[in-house]
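From just these sequences and the hints, can you work out the full model?
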Amino acid sequence: MSDAVKQIAMRILDLREISDYTVEQMADALGVSIEEYRTYESGECDMPISFLVKIGEVFHVDMTELLTGETPRLNVLSVTRAGRGQEINRHDQYVYKNLAYNFAHRKIEPLYVTVPPEANRTLVPNSHDGQEFDYILSGTMRLVIGKNDVVLHPGDSVYYDSRTPHAMQALGGEPVHFLAMVIP
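Residue -18 is where the sequence shown starts when you use our numbering, and the numbers rise one by one after that.
Misleading hints may appear alongside valid ones.
Once the Cα atoms are required to be at most 25 Å apart in a straight line, the calculated DMTMM-like pairs of lysine to aspartate or glutamate come out as [to be verified]: (1) K78 - D137; (2) K(-13) - D1; (3) K88 - E68; (4) K88 - D137; (5) K78 - E25; (6) K88 - D142; (7) K128 - D110; (8) K(-13) - E5; (9) K88 - D9; (10) K(-13) - E(-2); (11) K88 - D27; (12) K128 - D142; (13) K(-13) - D9; (14) K88 - E51; (15) K78 - E46; (16) K78 - E68; (17) K(-13) - E16; (18) K88 - E38; (19) K128 - E99; (20) K(-13) - E51; (21) K78 - E51; (22) K(-13) - D43; (23) K(-13) - D27; (24) K78 - D27; (25) K(-13) - D110; (26) K(-13) - E68; (27) K88 - E46.
Distance ranges between label pairs, derived from CB positions [unchecked claim]: (28) I(-1) - R62: 33 to 39 Å; (29) G136 - L(-6): 42 to 48 Å; (30) D9 - L160: 32 to 38 Å; (31) Q(-12) - A85: 18 to 24 Å.
Honestly, the hints are just simulated from the structure, not real lab data. Glycine included, each C-beta is placed from N, C-alpha and C at the ideal position.
Right, dumping it as structure tokens:
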């Protein structure tokens, strides 16, 4: 696994030990099996964003702290300039940039997402707690949510229960860029 994933796993392990939680208590609190929790905490397996959000809730720690080791300091205003944002490498299929990573106590995770044309050709679904709103900025995207299969174009949007397995795919040989608002 990447160095970044191993560093995040180390932070989670440290938080658990400092808070005097057992692996079993953490797995229960996060709604995952003990084995799955261990693979995340050991850095053997990449963690979904929803898992990091839950960890943050359990320990009252911002996701930015889990990802970078630094505490967000802004609480009135946060500006992210074009092309910037904190890159989050969670899946090989998509590229995420958190657009409010330096704002403390966020209620949503605003993400700029890029789906490369070669990504997710076999439509591997994922799911996470909460709800999600996606607004297509450019490109054409196929989105499969449960049994629903929709094609979205620039200006289209979708809001859904992200616990339902969902997968995204760029169509037409061009990458898709969209704004995602993930609400834990």
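Structure-based check of all given hints:
1. With a C-alpha separation of about 20 Å, the suggested pair K78 and D137 falls inside the 25 Å cut-off, and the hint holds.
2. Distance hint between K(-13) and D1 is fulfilled; the C-alpha atoms sit about 21 Å from each other, no more than 25 Å.
3. Of the supplied pair hints, the one linking K88 and E68 holds, its CA atoms being roughly 19 Å apart against a limit of 25 Å.
4. For the proposed pair K88 and D137, the alpha carbon gap of about 24 Å is at most 25 Å, so the pair holds.
5. Distance hint between K78 and E25 is fulfilled; the C-alpha atoms sit about 23 Å from each other, no more than 25 Å.
6. As the CA atoms of K88 and D142 are separated by approximately 17 Å, the hinted pair is consistent with the 25 Å bound.
7. At most 25 Å may separate the alpha-carbon atoms for a hinted pair to count; K128 and D110 meet this at roughly 18 Å.
8. Annotation: proposed proximity of K(-13) to E5 holds, straight-line Cα distance about 21 Å (limit 25 Å).
9. Pair hint K88 plus D9 holds up; C-alpha atoms about 23 Å apart against a cutoff of 25 Å.
10. Taking the CA atoms of K(-13) and E(-2), the gap is near 16 Å; set against the 25 Å cutoff, the hint holds.
11. Between the alpha carbons of K88 and D27 the distance comes to roughly 23 Å, so the proposed pair stays at or under 25 Å and holds.
12. With a C-alpha separation of about 13 Å, the suggested pairing of K128 with D142 holds against the 25 Å cut-off.
13. Our distance criterion of 25 Å between C-alpha atoms is met by K(-13) and D9, whose separation comes to about 22 Å.
14. Taken as a hint, the K88 and E51 pair is honoured in the structure, with Cα atoms around 18 Å apart against an allowance of 25 Å.
15. Restraint check: the Cα-Cα separation between K78 and E46 comes to about 15 Å, which is no more than 25 Å; the hinted pair holds.
16. Of the supplied pair hints, the one linking K78 and E68 holds, its CA atoms being roughly 4 Å apart against a limit of 25 Å.
17. The suggested pairing of K(-13) with E16 holds, with an alpha-carbon distance near 17 Å, which does not exceed 25 Å.
18. For the suggested pair K88 and E38, the alpha carbons sit about 11 Å apart, so the restraint of at most 25 Å is met.
19. Note on K128 and E99: the hinted pairing holds, with a Cα-Cα distance of about 23 Å set against a maximum of 25 Å.
20. Between K(-13) and E51 the alpha-carbon distance is near 16 Å, which keeps this suggested pair within the 25 Å criterion.
21. Proposed proximity of K78 and E51 is supported: the alpha carbons are some 17 Å apart, at most 25 Å.
22. Of the pairs offered as hints, the one joining K(-13) and D43 holds, with about 18 Å between alpha carbons and a cut-off of 25 Å not exceeded.
23. A distance of roughly 9 Å separates the Cα atoms of K(-13) and D27; the hinted pair therefore holds under the 25 Å criterion.
24. Restraint check: the Cα-Cα separation between K78 and D27 comes to about 17 Å, which is no more than 25 Å; the hinted pair holds.
25. Of the supplied pair hints, the one linking K(-13) and D110 holds, its CA atoms being roughly 23 Å apart against a limit of 25 Å.
26. Pair hint K(-13) plus E68 holds up; C-alpha atoms about 16 Å apart against a cutoff of 25 Å.
27. Using a Cα cut-off of 25 Å, the hinted pair K88 and E46 holds, with the two alpha carbons roughly 15 Å apart.
28. Here the CB-CB span from I(-1) to R62 is close to 35 Å, well matched to the stated 33 to 39 Å.
29. At roughly 44 Å, the beta carbons of G136 and L(-6) sit within the given window of 42 to 48 Å.
30. A C-beta distance of roughly 34 Å is found between D9 and L160, which places it inside the suggested range of 32 to 38 Å.
31. Separated by about 21 Å at the C-beta atoms, Q(-12) and A85 satisfy the suggested range of 18 to 24 Å.
Checked against the numbered hints above, the structure breaks none of them.
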